[in-house]
Amino acid sequence: MIFALMFVALPATAKMTCKGEWRRAALTNYESYPDPGSVECVKYNGCKWAGQFYGVNGKKSEKWVESNNIAAVHQKHWRNYGGKYLRLRQSRREIVVKVLDLCSDKDCNDCCTNNLGGDGYLIDIEKYTMERFGSGSGVVQFQVCS
0 MIFALMFVAL PATAKMTCKG EWRRAALTNY ESYPDPGSVE CVKYNGCKWA GQFYGVNGKK
60 SEKWVESNNI AAVHQKHWRN YGGKYLRLRQ SRREIVVKVL DLCSDKDCND CCTNNLGGDG
120 YLIDIEKYTM ERFGSGSGVV QFQVCS
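Numbering-wise (numbering that gives the first Met the number 0), the sequence shown opens with residue 0 and increments by one.
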């Protein structure tokens, strides 16, 4: 059954079109299931929100998180990008992510606003997405997909 669902889902992703203007954003990363006592847990409230995403109902398992390309954007950009797919590009690396979360300054003493970069954007990718992309910092280009 899982194989059939994956097989059906692939053509929809393959037909996705990413075009239009490339914008630049600061690229950061976070961990959805941080270790207790870690910087992510304490400084960024990661343990409070473990497995939860602003644009997804309910708590997701770590296995679910690992199998999806997840990104967050600054809270002020949620209306424009929340729930959408973005193609990210940095040097020769490229990946398509889905914006399922937002970065809220309330969770981290204005860290989201402080991390805005590029053309005034922030893209914060989840740890497993970062591993597939091969980077979790610097400046990244992005465009919206449909």
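A hint or two may mislead.
Straight-line alpha carbon distances no greater than 25 Å define the calculated SDA-like cross-link-like pairs of lysine to any residue that follow [stated by the list, open to error]:
hint: 1; residue 1: Lys97; residue 2: Asp118
hint: 2; residue 1: Lys126; residue 2: Glu61
hint: 3; residue 1: Lys75; residue 2: Ser103
hint: 4; residue 1: Lys18; residue 2: Val41
hint: 5; residue 1: Lys62; residue 2: Ser90
hint: 6; residue 1: Lys105; residue 2: Lys18
hint: 7; residue 1: Lys18; residue 2: Ser90
hint: 8; residue 1: Lys83; residue 2: Asn56
hint: 9; residue 1: Lys97; residue 2: Thr112
hint: 10; residue 1: Lys105; residue 2: Arg131
hint: 11; residue 1: Lys75; residue 2: Gly36
hint: 12; residue 1: Lys18; residue 2: Asn108
hint: 13; residue 1: Lys59; residue 2: Ser90
hint: 14; residue 1: Lys47; residue 2: Ile94
hint: 15; residue 1: Lys126; residue 2: Ser103
hint: 16; residue 1: Lys126; residue 2: Ile94
hint: 17; residue 1: Lys18; residue 2: Lys58
hint: 18; residue 1: Lys42; residue 2: Val143
hint: 19; residue 1: Lys97; residue 2: Cys40
hint: 20; residue 1: Lys42; residue 2: Val64
hint: 21; residue 1: Lys62; residue 2: Thr112
hint: 22; residue 1: Lys97; residue 2: Gly36
hint: 23; residue 1: Lys97; residue 2: Tyr80
hint: 24; residue 1: Lys14; residue 2: Thr112
hint: 25; residue 1: Lys59; residue 2: Asp118
hint: 26; residue 1: Lys14; residue 2: Lys75
hint: 27; residue 1: Lys58; residue 2: Ser90
hint: 28; residue 1: Lys58; residue 2: Glu39
hint: 29; residue 1: Lys62; residue 2: Lys75
hint: 30; residue 1: Lys83; residue 2: Val38
Estimated spans, in silico, between C-beta atoms of each pair [claimed, not checked]:
hint: 31; residue 1: Trp21; residue 2: Ser60; range: 19 to 27 Å
hint: 32; residue 1: Ser90; residue 2: Pro35; range: 29 to 37 Å
hint: 33; residue 1: Lys42; residue 2: Lys75; range: 33 to 41 Å
Keep in mind that the hints were calculated from the coordinates and are not lab data.
C-beta: ideal position from N, C-alpha, C; glycine also.
Quick rundown of the hints versus the structure:
In summary, the hint linking Lys97 to Asp118 is supported, as the alpha carbons are separated by about 20 Å, within the 25 Å threshold. The hinted pair formed by Lys126 and Glu61 meets the criterion: a straight-line CA distance of about 11 Å does not exceed 25 Å. About 9 Å separates the Cα atoms of Lys75 and Ser103, which keeps this hinted pair within 25 Å; it holds. A distance of roughly 39 Å separates the Cα atoms of Lys18 and Val41; the hinted pair therefore is violated under the 25 Å criterion.
As the CA atoms of Lys62 and Ser90 are separated by approximately 29 Å, the hinted pair breaks the 25 Å bound. Restraint check for Lys105 and Lys18: not satisfied, since their Cα atoms lie roughly 33 Å apart, outside the 25 Å limit. Of the pairs offered as hints, the one joining Lys18 and Ser90 holds, with about 18 Å between alpha carbons and a cut-off of 25 Å not exceeded. Restraint check for Lys83 and Asn56: the C-alpha separation of about 16 Å stays at or below 25 Å, so the hint holds.
Restraint check for Lys97 and Thr112: the C-alpha separation of about 21 Å stays at or below 25 Å, so the hint holds. Of the supplied pair hints, the one linking Lys105 and Arg131 is violated, its CA atoms being roughly 29 Å apart against a limit of 25 Å. Using a Cα cut-off of 25 Å, the hinted pair Lys75 and Gly36 is violated, with the two alpha carbons roughly 29 Å apart. In summary, the hint linking Lys18 to Asn108 is not supported, as the alpha carbons are separated by about 35 Å, beyond the 25 Å threshold.
Taken as a hint, the Lys59 and Ser90 pair is broken in the structure, with Cα atoms around 32 Å apart against an allowance of 25 Å. Pair hint Lys47 plus Ile94 does not hold up; C-alpha atoms about 28 Å apart against a cutoff of 25 Å. Restraint check for Lys126 and Ser103: satisfied, since their Cα atoms lie roughly 18 Å apart, inside the 25 Å limit. The suggested pairing of Lys126 with Ile94 holds, with an alpha-carbon distance near 14 Å, which does not exceed 25 Å.
Restraint check: the Cα-Cα separation between Lys18 and Lys58 comes to about 32 Å, which exceeds 25 Å; the hinted pair is violated. Restraint check: the Cα-Cα separation between Lys42 and Val143 comes to about 31 Å, which exceeds 25 Å; the hinted pair is violated. The hinted pair formed by Lys97 and Cys40 meets the criterion: a straight-line CA distance of about 23 Å does not exceed 25 Å. About 21 Å separates the Cα atoms of Lys42 and Val64, which keeps this hinted pair within 25 Å; it holds.
Distance check on the hinted pair: Lys62 and Thr112 sit about 30 Å apart at the alpha-carbon level, beyond 25 Å; violated. For a cut-off of 25 Å, the pair hint linking Lys97 to Gly36 is broken: about 28 Å separates their Cα positions. Note on Lys97 and Tyr80: the hinted pairing holds, with a Cα-Cα distance of about 9 Å set against a maximum of 25 Å. Taken as a hint, the Lys14 and Thr112 pair is broken in the structure, with Cα atoms around 34 Å apart against an allowance of 25 Å.
Simply put, Lys59 and Asp118 have alpha-carbon atoms about 32 Å apart, too far for the 25 Å limit, and the pair is violated. Among the hinted pairs, Lys14 with Lys75 is inconsistent with the structure: their alpha-carbon atoms are about 29 Å apart, more than 25 Å. Proposed proximity of Lys58 and Ser90 is contradicted: the alpha carbons are some 34 Å apart, above 25 Å. The straight-line distance between the Cα atoms of Lys58 and Glu39 is roughly 18 Å, inside the 25 Å bound, and the hint therefore holds.
In summary, the hint linking Lys62 to Lys75 is not supported, as the alpha carbons are separated by about 29 Å, beyond the 25 Å threshold. At roughly 29 Å between alpha-carbon atoms, Lys83 and Val38 are farther apart than 25 Å, so this suggested pair is violated. The hint said 19 to 27 Å for the Cβ distance between Trp21 and Ser60, and at roughly 34 Å that hint is violated. At about 35 Å, the beta-carbon gap between Ser90 and Pro35 stays in the expected band of 29 to 37 Å.
About 21 Å separates the C-beta atoms of Lys42 and Lys75, a value inconsistent with the hinted range of 33 to 41 Å.
Hint violations for this structure: numbers 4, 5, 6, 10, 11, 12, 13, 14, 17, 18, 21, 22, 24, 25, 26, 27, 29, 30, 31 and 33, all remaining hints satisfied.
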